[in-house]
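Produce the complete structure using the sequences and hints provided.
From first to last, the protein sequence lines stand for chains A and B.
If you count the first sequence from 1, you need to add 10 to reach this note's numbering.
If you count the second sequence from 1, you need to add 10 to reach this note's numbering.
Keep in mind that a hint or two might mislead.
Copies of the same chain look alike in the list, so a pair counts if it works inside one copy or between any two.
Taking lysine to aspartate or glutamate pairs in the DMTMM-like style, the calculated list, with each CA pair at most 20 angstroms apart, reads [what the hints assert, rightly or not]: (1) LYS131 x GLU300; (2) LYS199 x GLU342; (3) LYS207 x ASP297; (4) LYS275 x ASP247; (5) LYS73 x ASP247; (6) LYS125 x ASP203.
Derived by calculation from the structure, the hints in this document are not laboratory data.
Small disclaimer: the values here were computed from a predicted structure and weren't measured.
Number of protein chains: 2
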Amino acid sequence: MSEIKALMNHQVRLASRPSGMPTQENWHFASEPVGNIQAGGLLIKTLCLSMDPAMRGWMNAGKSYIEPVQIGEVMRAGGVGRVIASENPLFAVGDYVNAGLGAQEYCLIEKANIKRSGIFKIDPSLGLTTWLNVLGMPGMTGYFGLLEVGQPKPGETVVVSGAAGAVGQTVGQMAMLKGCRVVGIAGGKAKCDWVVKELGFDACIDYKNEDVREGLKQHCPDGVDIYFDNVGGEILDLVLTKITRGARIIICGAISQYNNTTAIKGPANYLSLLVNRARMQGIVVFDYAENYPVAIAEMSGYLKEGRMKSREDIVMGLESFPDALLKLFNGENFGKLVLQVAKD
Amino acid sequence: MSEIKALMNHQVRLASRPSGMPTQENWHFASEPVGNIQAGGLLIKTLCLSMDPAMRGWMNAGKSYIEPVQIGEVMRAGGVGRVIASENPLFAVGDYVNAGLGAQEYCLIEKANIKRSGIFKIDPSLGLTTWLNVLGMPGMTGYFGLLEVGQPKPGETVVVSGAAGAVGQTVGQMAMLKGCRVVGIAGGKAKCDWVVKELGFDACIDYKNEDVREGLKQHCPDGVDIYFDNVGGEILDLVLTKITRGARIIICGAISQYNNTTAIKGPANYLSLLVNRARMQGIVVFDYAENYPVAIAEMSGYLKEGRMKSREDIVMGLESFPDALLKLFNGENFGKLVLQVAKD
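This is the structure we're talking about:
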């Protein structure tokens, strides 16, 4: 145990709150010894961290659906890791787990925090990073947002923005499996080609190089029954002009607005909800925590059968955390963005 | 019959489409003989017309939830009248009816248009104008919007804007009857006093003289579970900051935005829907047409028992149509705005 106590734990801590896009100055790299494991606790070596658009919101002061990260704290991050020391009978050394690890090399979870960490064992044979993508929080978000809030019916047209992202790829693939026509919106030809050719979407609009209004007109001739919105802003407003009677819009995020230094742009076409008797509803994945096992069982099955795919974009090294986060906001990541902190 | 044929029918026709607030120039006063009643048709003398914010939308080019009024056409308007000639066995001379009469003194409904006119007989003992208010389209809108979309539960806090208006008074009174706390938003002390003292709302915020944000804070200490929105704009945005987890926002209209010459202001705080897993849904009353009798039976009962009230603001004379319409948009009307075209 003594060599563990002495392990140095490198960490990314929040140094200050950003205004607009985060910069290097908002981060502080620290290190401290791992410390003692008490009875009931366990120590996890971080292998991969999930890089999420939601992180930008956690950096702001003021409570949203979750408390903000405090100045000086280790940045909040979900991840997968390997148990390297355990005083808890439910976890053995060598177990692979998914948990709220934080942006650090090692995570010591005390007995009292086991539940709060959301820790659960994972099957590494499905690919470690898959557990941060289709089988992780983004996957759960897409699965429950689409199925519970969206209530898709066979033959309906589903549009999803951020289509090549972690949530988007889950939403689009699940929608196809439920018999829907699926049109993605993504940035760049490579991403659009991938969701159409690899995942099988019916079409994908490249918002960086195409006219989204024209694209919707062309690919959604009968209108949009379900829109799963990850981006907000102008694209939400355009889709609102194409929704059908009784349409459902799932508000999952608004990545186009997270780094605004001015007021958020509200959807000017929201009265389309009135004309179309449509509904716009927010989703927070934690509400479905009890049913994660159902979603994981269903989607693991699809993955094993090759009926569903999972693509990750992997950046190496904890020191790359600040730059990796920015990739999310300029749309550079191709697939679920993952920071690999250690090999095994 | 010959004297009927020769009756001159004064009418208000749409002369041009307004940009912003309608002016006298957008209207054309015309008159023409009533004409022949064919088999199956009937002739109705207009007594009262319903003056509705939605009229502003019907004056615009382009289809919304209903076709626009064409240039030169008699302006669309619902109203109550008395059958003065009938070639239809279902209606007798002397019957009082509610129908889409148009802004004119007489309405000749041909057999083929009977259904489309939405005509039904009314009980005049409940008050003719009540049939344009709580028992008319606004009442149906409030009833089904609140109950079907809002799904109120006893003890919940319901906020309604345009509280002294036709829809607002129905929503607030129905919400109280369903056991909710009700907070109105209205313009001016007289309206606020009326909804609190006469109708029994728990509170009413005077948006013309009070800080709405402060008012919501004071009167909705546990947040807003249901917001019935008739106004849009700044007030919708303020209420969004106060909604509770799982809140329902019913989008019924946006009177603050109907005369905009610039783009509609979208709700900048719409991401509150995400944080609060809340839903914003539009309602168009026609969808509930089959169930109007249920609502009318229930609310007639409350009216007869004195458990519900109905207040109208009556303007006299068809020639007042253009000015009367403007009263809706500067908030001058106190209660459902009705244009009395004839006494009986």
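Verification of the supplied hints:
In the homo-oligomer, the alpha carbons of LYS131 and GLU300 lie at most 20 angstroms apart inside one protomer (15 angstroms), although the nearest pairing across protomers, at 54 angstroms, exceeds that limit. In this assembly of identical chains, the alpha carbons of LYS199 and GLU342 lie at most 20 angstroms apart only when taken from the same copy (12 angstroms versus 56 angstroms across copies). For the identical chains of this complex, LYS207 and ASP297 are neighbours neither inside a copy (33 angstroms) nor across copies (41 angstroms), given an alpha-carbon limit of 20 angstroms. Proximity of LYS275 to ASP247 under the C-alpha cut-off of 20 angstroms is found in both arrangements, the shortest distances being 10 angstroms within a copy and 12 angstroms between copies.
Taking CA atoms no more than 20 angstroms apart as the test, LYS73 paired with ASP247 passes between copies only; the shortest distance there is 18 angstroms, against 27 angstroms inside one copy. Taking the shortest Cα distances, LYS125 and ASP203 never come within 20 angstroms of each other, neither inside one copy (41 angstroms) nor across copies (52 angstroms).
Against the hints set out earlier in the document, violations occur for numbers 3, 6.
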